[in-house]
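**Student:** Here's the letter readout for the chains.
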Amino acid sequence: MGIARLGRTHDASLLVLTSLTGGPKHGYGLIQDIREMADVSLGPGTLYGVLARLEEEGLIQSLAPSGRRRPYCITAKGSAVLRERLQVAAVMARVGLRRLGAT
Amino acid sequence: MFDRVIALYPRWWRDVYGSEVRHLTEDLVADGQSARRLTVNLVSGAVRARLWARGMPMRPDLWAVRSRLSIALATLPWLAVLPFLAAGLHGSTAYILFHGPDSLRRAHAVADETGMSALGYLYDVLGYGMTVGMVAAVVGWGALSQAAARSRRARRLVNVPLYFLPLVVGLYVGRVSELDRAWTSHGVGPPVPLNPNGPWAGPLLVALWIVFVMALVATSVALLTVARDQEIPPRAIKRGRQVATVVALALCCMAVCAIAGAALSGSHGVVQGVSYSSVTFHIRTASVTVRRYDWLALSAPLAVAATVPIAGWFVSRHAVRNLSTFFFRF
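Residue numbers (my numbering), protein chains in the order written: chain A, 1062 to 1164; chain B, 380 to 709.
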């Protein structure tokens, strides 16, 4: 079962940051990668709202446009924030799965 | 079609992301995604971009415009519901603050006698809210328009409070002289025992209503013009946000009272031979009856109007906070 079917349990900013750890991507590449990675379909309005917020917070930055597309990359600050959030999520996942296994 | 949807986004957003999003949507449609679904997503994104302005460049002029617009949005709905308030309160036998202390005591006596004291107090709250909102608008927008006096266009509108003065004075005088029931005693209809006004009361009431409508239109135009002006210092904008806060609170309070009045009302009664459940205005051959249980007609526009200043308050809060960084930086 894909994550999207569980309702709004996915965090769009987390998905974007995770996708960018695989290298700089433009908007279309982000949507494609997130769909393959997490089976979540982000619309352009949602995606660019997230990109604007992440760029404002300094977690990503835009690169020089290539053709008609402009790629984005994750910054050092973004990597640190993502690492911290994923570590918290990993702990939650470990505890939750252990407890579920115990019941 | 997508160009029209992207045009819903703010200009600063379109300058940064507009072309990217346009090309992206073209690629997604070519991939087979639903154009309708993409349109809905873009529209929701435009609403979020306008409300929260995440990623907006830290330029004082942009944030100043945003602050002013939010304040205008916060107060214009209050102006829009004033006619509903005036019409709904106009024919009541439970008088509002404008009548003065004696009328207020009489209003409570009437309400108590008929066992409907709760409705009487709710009318009072509506009247107080109307008064507070009016004073806040006069003081607040007067300060804001004074601050915008540098603009050549705004200079002509600098005396915004004067638009409200004839309205406030006229309404107070009219209420004190109990003009509201001039219609029933000096138009077509049975005389009302509590109304001592002469035949001049009717034409004066018409004149006051004309002034009221003119004041509403003029003030609305002034608000929109001030909202577009760029020469307003942050301190004045903060004051305008305080106006928005007061107006939003007044509107919410009045909406709650109107809804409560709608829930409580429904019974009728007779006081001194006059059925106070309804008052009929006779205008030549037409007649308009404002009933006590027209609370619902009041509560609907109040409730709708209250939502806009609430959103405007949140928007102005974010905007003024960012604008304050420029103020302290300089």
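Hints listed in this document are in silico derivations from the structure and should not be mistaken for laboratory results. The beta-carbon is built from N, C-alpha and C at its ideal position, and this holds for glycine as well. Among the hints, erroneous ones may be present.
What follows is a set of in silico ranges between Cβ atoms, one per label pair, in the way DEER data are often shown [claimed, not checked]:
#1 B/389 with A/1159: 32 to 40 Å
#2 B/398 with A/1082: 25 to 33 Å
#3 A/1162 with B/390: 50 to 58 Å
#4 A/1138 with B/398: 38 to 46 Å
#5 B/422 with A/1096: 15 to 23 Å
#6 B/390 with A/1125: 31 to 39 Å
#7 A/1150 with B/416: 48 to 56 Å
#8 A/1152 with B/380: 43 to 51 Å
#9 B/380 with A/1162: 46 to 54 Å
#10 A/1158 with B/408: 34 to 42 Å
#11 A/1152 with B/419: 34 to 42 Å
#12 B/415 with A/1159: 39 to 47 Å
#13 B/436 with A/1124: 42 to 50 Å
**Student:** Checking against the hints above, which ones are violated?
**Tutor:** Structure breaks hints 1, 4, 6, 7 and 13.
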